[in-house]
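S.K.: Protein chains in written order, with the working numbering: chain A, 1 to 129; chain B, 1 to 129; chain C, 1 to 129.
If you are wondering where the hints come from, they were derived from the structure by calculation, not from laboratory data.
Here are the computed lysine-lysine pairs in the DSS-like style, where the Cα-Cα straight-line distance is at most 27 Å:
hint, chain 1, residue 1, chain 2, residue 2
1, B, K128, A, K128
2, C, K128, A, K128
3, C, K128, B, K128
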Amino acid sequence: MHAFRVTTERRTQFVDITSRVQGAVESLGLREGVVHVFVPHTTAGVTINEGADPGVVADLDAALERMVPWAGPWRHGEGNSAAHVKASLMGASLCVPVEGGRLRLGVWQAIYLCEFDGPRTREVWVSKA
Amino acid sequence: MHAFRVTTERRTQFVDITSRVQGAVESLGLREGVVHVFVPHTTAGVTINEGADPGVVADLDAALERMVPWAGPWRHGEGNSAAHVKASLMGASLCVPVEGGRLRLGVWQAIYLCEFDGPRTREVWVSKA
Amino acid sequence: MHAFRVTTERRTQFVDITSRVQGAVESLGLREGVVHVFVPHTTAGVTINEGADPGVVADLDAALERMVPWAGPWRHGEGNSAAHVKASLMGASLCVPVEGGRLRLGVWQAIYLCEFDGPRTREVWVSKA
Chain A
1 MHAFRVTTER
11 RTQFVDITSR
21 VQGAVESLGL
31 REGVVHVFVP
41 HTTAGVTINE
51 GADPGVVADL
61 DAALERMVPW
71 AGPWRHGEGN
81 SAAHVKASLM
91 GASLCVPVEG
101 GRLRLGVWQA
111 IYLCEFDGPR
121 TREVWVSKA
Chain B
1 MHAFRVTTER
11 RTQFVDITSR
21 VQGAVESLGL
31 REGVVHVFVP
41 HTTAGVTINE
51 GADPGVVADL
61 DAALERMVPW
71 AGPWRHGEGN
81 SAAHVKASLM
91 GASLCVPVEG
101 GRLRLGVWQA
111 IYLCEFDGPR
121 TREVWVSKA
Chain C
1 MHAFRVTTER
11 RTQFVDITSR
21 VQGAVESLGL
31 REGVVHVFVP
41 HTTAGVTINE
51 GADPGVVADL
61 DAALERMVPW
71 AGPWRHGEGN
81 SAAHVKASLM
91 GASLCVPVEG
101 GRLRLGVWQA
111 IYLCEFDGPR
121 TREVWVSKA
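Same shape as in the complex, but just chain A (with noise of 0.2 Å):
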C-alpha cells in the first residue's frame, strides 16, 4: 500500500490528486490491473470528475450543499453531519484500470479527494486491487 496526504484550506474542497495516485501506481510498480483508491476518514470522500474546467466540482460543490444543508437539522453533537453525509454520497473508496504502468483514465476524467469538513490534512490510501 502506498499513502500520501493531502493539506485542504476550506470547509468543502475538490482536490485533484490523479498525479498522486499517478506516483503511487509508480511507487507500488504496477504495470497492469486495477489500482485501489481509499479514503480512511468519515467526512471525506474521493470522487471521478472533470479536471478541465474548475466550475464542474464548483457546481458538484454548491450542488451538495444544496442536497444536503451544512445547518441541518441534525442530532450528531459535533454539527459536521452534512460532512458525514456528503461523505457516504461520493464514496470512500474507488476502483482505476491500469495500463503500461499508466491510470486508465477517460480524456476527461481527474481523480479528487472531496473534502466536506476542512481544512484538515487527509490521507489516501493506494493498493493494488
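With chain A fixed as given, assemble chains B and C onto it according to the hints.
M.R.: Here is chains B and C on its own, set in the frame of chain A:
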C-alpha cells in the same frame, strides 16, 4: 467468497457489519490486499461512515429521507422506489484494504449495511478483490 | 481489459448492460474472482439496481432530476452540470463477484450504464479486479 446474513428490524436501519466483514477476511485466509464487500440486493446498500456516535448514521438516515421522501411520487408499483433510489446512492459494492489479515480502516470508520426496505434478512458477500 | 460501446437515445437513460458485462467476463476468461466495471466519462455513471420492472429505473431517473434539477443554478459554462453531479452520485466504478465464469449478482440485480447527458455513444471498460 464468504457470505453472511443480517436481519434488520426497521424499514430503514444502518447495521455495523465491520466485525462480520473482519470474520469473513479471516475465513477467506486473506492476509494482504483488498477485500470486496457486496450486497446482492436492490433496496439495501453498503457504506462506510463513523462507528463511534450512533447519531451520525441516524443523521445520514434522516438526510436520505429528506432527499428521497418515501411518499414519492413514484411509478414503480411496489411503493418502495425510495429504497431503490437510496440503494443506488449508497452503492452495492465497496473495497477495503487488508494488512496482516486485518481490515485497514480509518480510526473512525465502520462498514454499514444500509437497510432501506426492512425489516428483512439480507446477505453480504465478501471476496478477495 | 475488455471494452464495449453503448449508444444512448435520450438525455437521461438507464441502459441494462448486464449481458454485455457477462460477455466481457467471458472474453477475459475470468472464472473466479471479482470483475471491475468502469465508465470513462464524467456525465455518465454505473449502478446496480432492479432489472425486472422498468418503473424502478424510471423512478431513479426522476428522483435524481428532483434532487439535481437540470436548470441549476450552475457556474460551469456548458450547462450540463446536473449530469456531472449525477455521475458522481452514481459513481464511475463498481465491482461484482464472479463464480464459475458467471457474474454473481442478486436475483433482482442488473448493472446499468447511467446516461445523464445524452444522446451519446459511451464506453464501458471491464477488467479483472
